[in-house]
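S.K.: In case you want the letters, here they are:
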Amino acid sequence: MTQLYACVAHQHDLRLVAVAAVICALGTYSTFAMGRQVLREGPAKDRIAWGVTGVVATSTAIWATHFVAMLAYEPSLPFGFAVGQTAASLLVAILMVGLGAGILVARRTLGGRVCGGAVVGLAISAMHYTGMDAYYVQGTLHWETALVAASVLVGVSLGSLSMVLGFSADRRLRRLAPPSLLAAVCGMHFLGMSAVTIAFDPAVEIPGGSLDATILSILTANAALLIVGLSLAALRLWHANRRRHEAENQRLRDLADIAVEGLMICDGDTVTGINHSLERIIGRPREALIGAPLQSILPGLSTAGIPTEQEADALLRDGEAAGIPVRVIAQWITIKAKPHLVVAVRDQRERLRAEAEMHRLAHHDALTGLANRHQFNEALAARYACRRGEEGSFALLLLDLDRFKLVNDTLGHGMGDELLRRVARRLMSALSEDDLVARLGGDEFAILKGGGTDLPAIQAVAERVNDILARPFLIDGHILNVGTSIGIALAPDDGETPDLLMGSADLALYGAKEEGRGRYRMFEASMNARIQARRSLELDLRRAMARQEFALYYQPQVDARTGTFDGAEALIRWHHPERGLVSPADFIPLAEETGLIGSLGEWVLRTACIEALGWPDHLTVAVNLSPVQFRDARLAATIRNILAETSFPAARLELEITEGSLMQDEQRALTTLRELRALGIRIAMDDFGTGYSSLSYLGRFPFDKIKIDQSFVRRTPEDKDSAAIVRAIAMLGASLGMKTTAEGVETDAQSNFIAGEGCDQLQGYLISRPVPADRIGGLFAASMTRRASA
Amino acid sequence: MPIHRLLYCSDIHIAGTEDAVRQQIAEIVRASEIRNAADDLTGALLHTRGVFVQALEGPLPAIEATFERICCDLRHRRVELLEFVQAEARTFGAWSMAGIRPDRTIGKLFPGLEAGAAQIAEPASAQATISLMRSLLIAGAGEAAPLPTSPAQTAR
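Protein chains in written order, with UniProt numbering: chain P, 1 to 790; chain S, 1 to 156.
Wrong hints could be hidden among the right ones.
Said to hold, decoys possible - Now the stretches of chain P that chain S is said to cover, found in silico as 3 or more residues with beta-carbon under 8 Å:
(1) 257 to 269
(2) 705 to 718
To be verified - Derived Cβ-Cβ restraints for the label pairs, each shown as a range:
(3) S/R78 <-> P/D434: 24 to 34 Å
(4) P/G737 <-> S/R90: 56 to 66 Å
(5) P/R280 <-> S/P59: 48 to 58 Å
(6) P/M358 <-> S/G16: 45 to 55 Å
(7) S/A89 <-> P/D476: 14 to 24 Å
(8) P/A533 <-> S/P59: 49 to 59 Å
(9) P/E463 <-> S/P59: 31 to 41 Å
(10) P/S536 <-> S/E18: 53 to 63 Å
To be verified - Partner residues aside, some chain S positions facing chain P, computed with beta carbon under 7 Å:
(11) V79
(12) F84
(13) E88
Hints in this document: simulated from the structure, not taken from any laboratory. For every residue, glycine included, the Cβ atom is placed at its ideal position computed from N, Cα and C.
Can you build the whole structure from these sequences, using the hints too?
M.R.: Set out below in structure tokens:
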């Protein structure tokens, strides 16, 4: 070590040693810089070029280091270099460094690095000693073998170490590689130099043609710097270029990644690029997809198969077995002068989910979750569409809750809604999966039964539904007994079309309700005939108004004691062009059901007022009000208008109402009655004695008159019970301050009896049948003349 | 917290041999025992001659939910509510669901049971029925070993 120190410090020009060290440092730096380029992914051509550059730069640096250091060596004797050997030493360096590099590239293992590094280390020694052979000095060289061996060992071991470090995975270790190679070169050189001693020998001559040491040193140093510098400059350029390229690629990728749609670049049928969205859609990393064939991502599609004009549906293969539904469209672009296909992939899952949800909402009842009318109609239509012989037969059950309205009205809609939800659940538990249960609206449900028209099976289902809905519902402490009626129709026998089948089931349901609710009924053909008749009557009824087929007849009422006319009751008549005279008992209920009663009732009121205007002005006209009319909150206003229009005095108008009008909402009935009486109109209780709680009504409602039902009147005076009832009512009226009228008086005996019991008024065939408007005037006029003449 | 009591009767609608039916009923009792314990419900289920009579007592929401479940159960037919009232105290506080199957002697003592639900359905007799069920339980008519595999239940 002392020898080595003395050799460097005393035998060398330290400035030149520094130059040598700089060259060597640059060289060793470039060694590893190039080396990494070789190992980098890239085209083989580039890697070979980098390899050659690295080998040349490294060996040149080693060679130049040696000669500059030799120049720094001052043996105080004349010296020079042989041209041939000098050149040979460079060649040796290049060849051996090349060999070492080859091993490093070929065997990328630790062993390879150790071995390659050793060869590079040997190259340093080989170059050095070949170079020393070119060294001519006026003296003889004496070599200390141990130090020579040590120098070789240092070169080999540090060379190995530098390669091991240089290609290690650890970045910090890699940084140590150039210094260790530098140490290998310098250590080997100066150890080698300290191994030599020169003994002056004037006999030795420096051969002619040997290179002057100074010139050689300057040449080699410049050449080495040039080569190393150029290679480093090339490397720098390459890096800058690569960075720009990468930045550009990154920008493209960023742009692509911003896109919501999946994007994929294909070179031929190979995927070369994929954006972030597509990565996410597929659920696999970019790296796993790039390089894969297009078909592995879009099975069954080739570059030629993807449309460029209009989006096409496709299935994207992801990790799962089921593909992802997508739409694709492609566009050609040019990348690096080569046409590439950019495929835009739009994920359809969200859209399809939204569509499915909308479909669900459109097809299901929001309250109960059952199918709604829409879906039911579709299902029913589908059953008809694919109907084939016996297999296509099925049953339709229509349900209507028996007392739902009551719950809704008395306990509120919240309770009604909860009840409907529970009904839905019970229905589901009473039926099988094949059956479609739908809520058609309100408290109306339908069941489309699968599996034929086996009657016992269908009846069992109906019984089960009747049973399960007859069970009480307990909601918030209330006991709700609802119950259901069911109408059943069988397809195709009971209906050739969905509409006809529904009509039949509806008729059967109507039948079940008529029979007393809480039961089911199968459709029967006779129901159809009945409804047909009803329908045509309804149609005629609607037309009758426009065609003026209605007329009012009047039945006079007389004072029971004097026999003079008090007024008349207006009775509607329908002269049907084909049916002839239609009884009010047949068409009034229909008019009430269809809502026609509103306009019909108004017509009756107006007509009665107009026609009665022509009567002597002490005579009243009595008009019947239907319960439906009476429940209309606008009744009083309507009548006030009619009175104003016709100028008919309110005091001459009498309205006859039945008990049915007062039931349900007594408070409102009372309000209406008071409003009417406030107008000056008189109110008569019609058909008294036939209802349930007539007596209590008499006390609570302000009536002016009681009309005793004709069923009692007709049986007097023979039937003792009827006679007693008539007598009681007359007395009751007298005591309550209400007039009493006996209807249906037909015989003198009845007339005498009733008048005798204190009734105020008589009406019936005995006095007159109902007569048309044009004849009632004559009747009244005649009586007036009689009275005047009497 | 106020409790409610409910009493209903229904026709047993379970197909199978007598043993199979008995086994199913035992399972019903056991399942409701577990569920009722969780819902703070107590009660008893009496079954005789094809009729269930069940009493349930506890918080209103739990009673209503349980009864709704029973009403969705097709093993019952013609479910009839006999009583649904607010109660001062529990009658079956010791049993989350006790199965009662009266033997012949007891059955004869109470002809109402033998005749089926129709006679129990009188509102006035609801209280009497509940008292009877409780007496039967205390007298030891509670079902012995409803399932051969669960001897632990005989403790009831």
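S.K.: For every hint, state whether the structure bears it out.
M.R.: The hints, checked one at a time:
no., hint, in the structure
1, 257 to 269, "violated (count 0)"
2, 705 to 718, "violated (count 0)"
3, S/R78 <-> P/D434: 24 to 34 Å, "holds, 26 Å"
4, P/G737 <-> S/R90: 56 to 66 Å, "holds, 60 Å"
5, P/R280 <-> S/P59: 48 to 58 Å, "holds, 50 Å"
6, P/M358 <-> S/G16: 45 to 55 Å, "holds, 47 Å"
7, S/A89 <-> P/D476: 14 to 24 Å, "holds, 23 Å"
8, P/A533 <-> S/P59: 49 to 59 Å, "holds, 56 Å"
9, P/E463 <-> S/P59: 31 to 41 Å, "holds, 34 Å"
10, P/S536 <-> S/E18: 53 to 63 Å, "holds, 60 Å"
11, V79, "holds, 4 Å"
12, F84, "holds, 6 Å"
13, E88, "violated, 16 Å"
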